[in-house]
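Student: Okay, here's what each chain looks like letter by letter:
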Amino acid sequence: MNHRGARSGYLFVLPAAAVLAFVTIYPLCHVFWLSLHRRLLIFDIHRFVAIDNYRFLLTDDRFLRSLWNTVYFTATSVTLELAIGLGLALLLNRTFRYRGAVRAAILIPWAIPTVVSARMWEWMYNTDFGILNHLLGVKVNWLGSPFWAMNAAVFMDVWKTTPFVALLLTAGLQVIPRELYQAASIDGAGPWLVFRRITLPLLRPMILVVLLFRTIDAFRVFDAVYVLTGGGPANTTETLSVYAYKVLFQTLQFGYGSTISMVVFACVAAISVFYVRLFRRS
Amino acid sequence: MVDIALRGVWKSFGTADVIRGLDLTIRDREFFTFVGPSGCGKSTILNLIAGLEEPTKGTILFDSEPVADLSPGRRDVAMVFQSYALYPHMTVFENIAFPLKVRKERREVVSREVGRVAELLGIGDQLGKLPRELSGGQRQRVALGRAIIRRPRAFLMDEPLSNLDARLRMEMRAEIKKLHRELGITTVYVTHDQEEAMSLSDRVAVLSEGEVRQCSRPGELYERPADVFVAGFIGSPPMNLFGARVTSEEPFRIAALGAVLSPDVSAAPSGGTVIAGIRPEDVEVDTRPLPGGLEAEVELTEPVGPYEWVDLNVGGVRLRARAEAGKVRAGQRVFFRVAEERLHVFDAETEKRL
Amino acid sequence: MVTGSQKGIRSVLFWAGLVAAVAYCLGPFVWQFITSLKPAAELTMLPPVLPTRPVLENYRSVFAARPFLRIILNSLVVASGTTFFSLAIGSLAAFALARLPLRGRHIFLAFVLSVSMFPPIATVSPLYIVIRFLGLRDTLTALVITYTTFSLPLTIWILTNFFREVPREIYLAALLDGCTPFQIFYRIFLPLAAPGLSATAILVFIFSWNEFLFALTFTSTAASRTIPVAIALFPGVHEVPWGEIAAASVVVTVPVVVLVFVFQRRIVEGLTMGAMKG
Chain F
1 MNHRGARSGY LFVLPAAAVL AFVTIYPLCH VFWLSLHRRL LIFDIHRFVA IDNYRFLLTD
61 DRFLRSLWNT VYFTATSVTL ELAIGLGLAL LLNRTFRYRG AVRAAILIPW AIPTVVSARM
121 WEWMYNTDFG ILNHLLGVKV NWLGSPFWAM NAAVFMDVWK TTPFVALLLT AGLQVIPREL
181 YQAASIDGAG PWLVFRRITL PLLRPMILVV LLFRTIDAFR VFDAVYVLTG GGPANTTETL
241 SVYAYKVLFQ TLQFGYGSTI SMVVFACVAA ISVFYVRLFR RS
Chain B
1 MVDIALRGVW KSFGTADVIR GLDLTIRDRE FFTFVGPSGC GKSTILNLIA GLEEPTKGTI
61 LFDSEPVADL SPGRRDVAMV FQSYALYPHM TVFENIAFPL KVRKERREVV SREVGRVAEL
121 LGIGDQLGKL PRELSGGQRQ RVALGRAIIR RPRAFLMDEP LSNLDARLRM EMRAEIKKLH
181 RELGITTVYV THDQEEAMSL SDRVAVLSEG EVRQCSRPGE LYERPADVFV AGFIGSPPMN
241 LFGARVTSEE PFRIAALGAV LSPDVSAAPS GGTVIAGIRP EDVEVDTRPL PGGLEAEVEL
301 TEPVGPYEWV DLNVGGVRLR ARAEAGKVRA GQRVFFRVAE ERLHVFDAET EKRL
Chain V
1 MVTGSQKGIR SVLFWAGLVA AVAYCLGPFV WQFITSLKPA AELTMLPPVL PTRPVLENYR
61 SVFAARPFLR IILNSLVVAS GTTFFSLAIG SLAAFALARL PLRGRHIFLA FVLSVSMFPP
121 IATVSPLYIV IRFLGLRDTL TALVITYTTF SLPLTIWILT NFFREVPREI YLAALLDGCT
181 PFQIFYRIFL PLAAPGLSAT AILVFIFSWN EFLFALTFTS TAASRTIPVA IALFPGVHEV
241 PWGEIAAASV VVTVPVVVLV FVFQRRIVEG LTMGAMKG
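In order, the protein sequences belong to chains F, B and V. If you read the first sequence in the numbering used here, its first letter stands for residue 1, the second for the next number, and so on. If you read the second sequence in the numbering used here, its first letter stands for residue 1, the second for the next number, and so on. If you read the third sequence in the numbering used here, its first letter stands for residue 1, the second for the next number, and so on.
Simulated from the structure, these hints should not be mistaken for lab results. Don't take every hint at face value.
Derived pair list, reagent style SDA-like, types lysine to any residue, alpha-carbon separation capped at 20 Å [as the list claims (entries may be wrong)]: (1) V/K7 - F/I186; (2) B/K352 - B/K178; (3) F/K246 - V/L233; (4) V/K7 - F/K246; (5) V/K7 - F/A184; (6) B/K101 - V/I129; (7) V/K7 - F/R94; (8) F/K246 - V/L192; (9) B/K327 - B/T350; (10) B/K101 - V/P191; (11) F/K246 - V/P191.
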């Protein structure tokens with residue numbers, strides 16, 4: 001088409017491009033730059049140390065621990081979200097009278113701030129006064145024992161984000177033509193077979209999209225862990241983002257903190273590339 | 001009111017040449033139609049004239065002024081799209097008024113003009129409705145209204161009637177013809193329906209694969225098609241085309257359909273065979289012998305009211321003819337006569353008219 | 001063949017499943033609401049599950065003893081501002097990407113998509129330095145700028161898809177009617193994309209309302225603090241004031257519930273549109 005249209009096109013995109021570049025590209029470069037320095041913010045220590053920070057990472061037990069925590073958190077929460085979400089989606093797939101209200105009700109955990117959700121669950125997980133212990137008739141120290149704390153955090157995150165997964169999968173289910181199910185029932189296929197041979201394969205693209213979003217989100221997790229456990233007890237639930245944040249804003253080591261941040265960025269980028277490749281192949 | 005000249009216009013998309021070497025002039029006030037099968041590039045020509053696409057080669061001139069530098073909005077042409085392209089969120093009034101509003105006309109002027117146009121098109125009582133509340137024919141009129149209101153230099157119409165049912169199409173055809181007579185604006189029309197082209201236009205250009213095969217008045221296209229493609233495309237039902245052997249060059253005689261025929265030709269064929277054509281309406285059929293008496297067997301009949309189209313089997317060659325209703329039956333042996341003066345002959349190699 | 005009793009069982013299972021799902025999702029809120037009505041003494045006693053005499057003292061102290069109203073206002077201002085700017089900037093870009101001839105369109109879209117995958121933690125340190133340098137620490141402006149940026153990918157993604165659905169011929173018709181691209185954007189495409197705009201607005205608003213990391217980093221006093229930060233940092237001298245936290249949570253959740261119930265369809269539209277075309 002004509003070049004006159006093109007010129008105004010660039011103008012239209014300019015504000016967005018400018019904002020995005022300034023608030024994302026520039027900081028990314030700066031973070032990388034910082035990660036190569038030793039910089040303590042208030043004390044004006046500012047020294048170039050090349051990859052010393054990165055070398056230190058490999059020996060930093062706390063870093064390795066947080067890496068493991070993050071991986072564990074991501075793997076378990078995404079798996080659970082997918083399973084429960086799929087169940088919810090199958091349930092919601094038909095039209096029934098209060099569908100809109102049910103959908104709205106299910107959306108609420110997703111819609112509230114993670115912080116509010118964390119505080120809510122913190123209260124429910126309370127060892128002495130928490131409703132959970134009361135209903136189960138036990139006295140587990142959910143947030144105080146290393147094993148339970150991590151899983152408590154996982155469960156809370158699953159509770160909060162499953163609706164999002166369920167919603168997307170519902171949309172994916174609705175795209176599957178009804179005739180396929182009808183043909184299958186005429187052929188005498190049972191529900192499990194239908195699920196495995198028709199539903200699941202046709203849902204695959206949407207599942208991949210959901211997995212992509214949720215894996216990345218889980219890996220970046222900050223709000224939930226920071227507020228629910230603060231990374232404790234004794235850093236056993238500390239994820240990468242939480243660790244980085246503490247290094248940055250509690251010890252004010254902007255150099256090393258940036259290094260950890262870069263690791264998070266690199267991992268997320270790798271995950272994206274992995275999923276995009278997987279998507280291309282389907 | 002404008003002359004539109006296309007000089008050596010080529011348009012390619014990537015490696016595909018959609019328009020090849022277009023060279024013609026649409027005269028001021030003329031109703032000019034481009035007709036051809038789907039995919040032959042007709043819509044592209046409209047886009048080129050409107051400025052929505054740029055020619056790969058060649059120039060387009062309005063009244064001898066090249067328009068390459070003018071944006072679509074400044075060429076002062078109006079276009080009616082196949083899908084009407086009405087603004088869904090605006091009422092009929094607002095749709096028709098839009099071109100004037102863009103030009104910042106005063107409200108009284110706008111009201112008056114919209115009223116005038118709506119009256120002209122018979123949609124005066126629809127002004128408050130939204131496009132989705134209208135029927136196909138009404139939407140068509142709104143689209144026309146939006147085009148007319150600006151009094152543009154030229155109208156471009158891209159298969160505007162294709163989405164209508166058969167009866168509406170006839171009605172709207174008459175409307176468009178009437179409009180053209182009243183407004184006298186140069187109109188460039190595009191369609192795949194040759195009947196439409198023939199009934200509406202002052203001149204028709206028959207397109208095939210991006211090339212103009214013939215450009216003349218409808219009568220000329222019907223009586224003297226320039227090549228086999230035009231012959232087979234114009235006229236409904238299509239012309240019968242069959243191979244014939246040249247038995248004598250001077251006087252020109254060919255052997256076909258079990259007889260020797262003497263058509264009128266103005267050039268010599270390049271080989272010993274030619275392609276001959278005769279329109280179904282020029283083939284007479286009767287149960288009693290006819291002068292020139294050729295025989296054939298009736299394969300099937302298609303009644304269309306006062307007469308029927310009869311498919312004849314002439315020694316293996318299928319020939320369509322016309323007979324009075326009810327005169328013949330399938331399976332019957334009948335007599336037919338070919339009007340020699342109505343025979344068309346084409347060169348077997350070039351497919352051009354002889 | 002499905003027998004009558006089989007259908008009956010299936011139906012019961014279905015409704016049981018629905019009830020379980022809704023209970024799973026709303027249960028914690030119900031408990032939080034109950035908690036907020038308990039007087040301080042009863043908070044630490046279980047049973048009784050329900051308060052013997054429901055009180056409103058928790059709510060009162062939340063608003064009286066702390067500047068909670070100011071904090072709600074802050075969140076409102078930030079969320080509204082973000083929504084406005086994100087939609088304004090994003091819709092312009094989306095229109096260009098959908099309809100105008102633009103070279104490098106795919107690259108830009110890919111770039112926009114990749115921004116949405118940025119871990120916020122990776123950008124928080126340099127942004128903090130810049131904001132401190134610009135003297136924007138502890139201001140709402142800093143938050144609006146940051147949130148607008150990070151919500152742009154979602155906005156652009158959803159709106160580009162909505163704009164693409166407007167038939168090309170409408171764009172061409174408007175061109176021929178004499179409109180400039182901006183007029184086409186403003187008079188035709190924006191009105192036609194209204195459902196997309198509202199879906200996006202809600203999603204951006206929710207995102208902005210809930211954001212925590214940047215708010216925590218860039219703000220330090222109640223002058224610019226937003227709700228998530230306030231709830232996270234509820235101070236308690238000797239013990240955590242669970243009753244007040246519960247009250248604050250309820251106060252914050254109620255508008256969200258209303259929003260979700262009213263706009264439920266739009267939200268779903270926006271989310272699934274964003275995912276489907278992804």
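Student: Tell me the numbers of any earlier hints that the structure contravenes, in ascending order.
Tutor: Failing hints, ascending: 2, 4, 6, 8, 9 and 11.
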